[in-house]
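Asks: Top to bottom, those sequences are chains A and B.
Quick note: the first sequence uses our numbering, first residue 1, plus one each step.
Quick note: the second sequence uses our numbering, first residue 1, plus one each step.
Derived from the structure by calculation, the hints contain no laboratory data.
Watch out, some of these pointers could steer you wrong.
Some but not every residue of chain A turned toward chain B, in silico, with C-beta under 7 Å [as the list claims (entries may be wrong)]:
no. : residue
1   : 10
2   : 12
3   : 108
4   : 117
5   : 196
6   : 215
Model, not experiment: these values are computed from the prediction.
Each residue gets a CB set at the ideal place from its N, CA and C atoms; glycine is no exception.
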Amino acid sequence: MSRRAYQSTAIAAELAVPLAILAAWQWWTVQAADPKFPRLSTILVEFRELWLFSQFELHVVPSLIRIGAGFGIAVVVGIVLGIPLGLSRWARIAAMPHIEWWRAMPPPALLPISVILLNSIENRQKIAFIAFFCLFPILLNTIDGVRGIDPATFETAQSYGVRGFERIRRVVLPAALPQIFAGMRTSLSLAVIMMVLTEYFSSTSGVGYVLLISKNTLQLAPMWAAIVLIGLLGYLLNLLLILVERRMLAWHRGWRAATAQ
Amino acid sequence: MSAPGVASVGSASGETRAVGGAFATRLAPALVVALSVAAFLGLWQFVVKAGLIAEQDLPAMTTTFSELWTMMHTREFWTAFGQTVRGWALGLGIATALAVPTGILLGSSQFAQRAFRIPVEFLRPIPSAALIPLLFLTLGTTLQSEVFLATFGAFWPLLVQTIYGVRDVDPVALDTARSFGVGRFERLYRIKLPSSVPYIATGLRISSAVALILAFTAELFMGTPGLGHIMNVAESFGLTVQVYALALATGFLGLAIYVLFAALERRALRWHPSQRAEAP
Chain A
1 MSRRAYQSTA IAAELAVPLA ILAAWQWWTV QAADPKFPRL STILVEFREL WLFSQFELHV
61 VPSLIRIGAG FGIAVVVGIV LGIPLGLSRW ARIAAMPHIE WWRAMPPPAL LPISVILLNS
121 IENRQKIAFI AFFCLFPILL NTIDGVRGID PATFETAQSY GVRGFERIRR VVLPAALPQI
181 FAGMRTSLSL AVIMMVLTEY FSSTSGVGYV LLISKNTLQL APMWAAIVLI GLLGYLLNLL
241 LILVERRMLA WHRGWRAATA Q
Chain B
1 MSAPGVASVG SASGETRAVG GAFATRLAPA LVVALSVAAF LGLWQFVVKA GLIAEQDLPA
61 MTTTFSELWT MMHTREFWTA FGQTVRGWAL GLGIATALAV PTGILLGSSQ FAQRAFRIPV
121 EFLRPIPSAA LIPLLFLTLG TTLQSEVFLA TFGAFWPLLV QTIYGVRDVD PVALDTARSF
181 GVGRFERLYR IKLPSSVPYI ATGLRISSAV ALILAFTAEL FMGTPGLGHI MNVAESFGLT
241 VQVYALALAT GFLGLAIYVL FAALERRALR WHPSQRAEAP
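Produce the complete structure using the sequences and hints provided.
Replies: In structure tokens form, the structure reads like this:
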């Protein structure tokens, strides 16, 4: 097979396989006629009616606010704590047991505790819960990123008299940024999961709440529409972060391309 | 003759250095770790006893640990513990049995990988938690729903790591084998599989944590028997101390799994130190 024929077959397969899966889903649900597995077309109609845009403000916006606030807090706290921990070996040794413990803790085990401790099932509890578990990938990646900085970079900075806060801002932060972004990507997908968990556990609004209500009232179509929305949300948020990363790390990739030549 | 003598002198001076270095490299860090943990536990005790946080919101450290100790003498606790471990082990086991062969298949063939790129990219980020209500209505409060959820969650990290591992095989090694006339299956078995082991080990470490999270989630939300279920019951009866003690127990289980699989990963990486990168 010529290279060109191979390329076009590959592209055709790339499009055909997902379409075949969707077609099989539609065909199977029509055949089975099981109310638990509504037709693809029914789900899509339900999706449009629910989320575009009648319930968007009521349930999608609160969820997005919680993800945004929780993730934002995790980014700030993760970087602010991670830089000193990356720079100081003793601080790292002292902090590591706590970090290892909390990141090994399965998040749902702290769900009831978060409600008890914070006396809330409102945004305060949800944002705190999301922020807490999003913190660890960012924190650990910041520590690793700072530790991985070439000592020569520090020596150069020192000989130019760059020190204190200026050193953090101009040397440490940019050098660790690629790895911080890697942590942020993990955290953002965690944020979506934590949002669903907290809202499904106890809430009065949000996408997770729609899941809970449609389960309790045995409405399968809205439930499937919510599942599709959550999948789409995770996908789109990740895409957004990749775009931000490309913009902020353009210098990094450019630099790597230049040295590779 | 002189070589062993030189070696023994070298090792003797190495030992004295090790004794001097032992404090800086082993003893002092251990001391700092112990102090840091003790400080945290002390702080927990203090904020409760000083009344900064009400005791019904956060039981004292000593109360929680003694509750855990009491629980550990009951049969119910260990039954639930075993049920959680069973759901975790089945989920991780099935996920491994499915993800590693699929990953090898998709990683070996660029065509297969492109064909399944979109479905994998779309299914992977679906939070397994979103499937809970669906499983509740279809499979019900059974072990199957717990195992399905754990398997679904654990499958994706392992799949992605395996694909990266197979793709990252040293092309020179492959070409060498090919020019020596090593067959397709033997190449897979002797070159691709061993060199992707470090990646698979990293995938296993990530998936082992995910499987535990989802086994516990199934128990907490669906009422499948296990630690999550008894925590849910304790919470609805307002038995706050029990809730905290169960969270401690779950934390220790998570830590044990993490330590085990991190050690496994280090073993797998030891013979191949160049491949330490975690796939994005």
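Asks: The structure should be examined with respect to each hint, and the outcome stated for every one.
Replies: Here's how the hints hold up against the structure:
{"no.": "1", "hint": "10", "verdict": "5 Å, holds"}
{"no.": "2", "hint": "12", "verdict": "9 Å, violated"}
{"no.": "3", "hint": "108", "verdict": "5 Å, holds"}
{"no.": "4", "hint": "117", "verdict": "5 Å, holds"}
{"no.": "5", "hint": "196", "verdict": "4 Å, holds"}
{"no.": "6", "hint": "215", "verdict": "4 Å, holds"}
Checked against the numbered hints above, the structure breaks only hint 2 and satisfies the rest.
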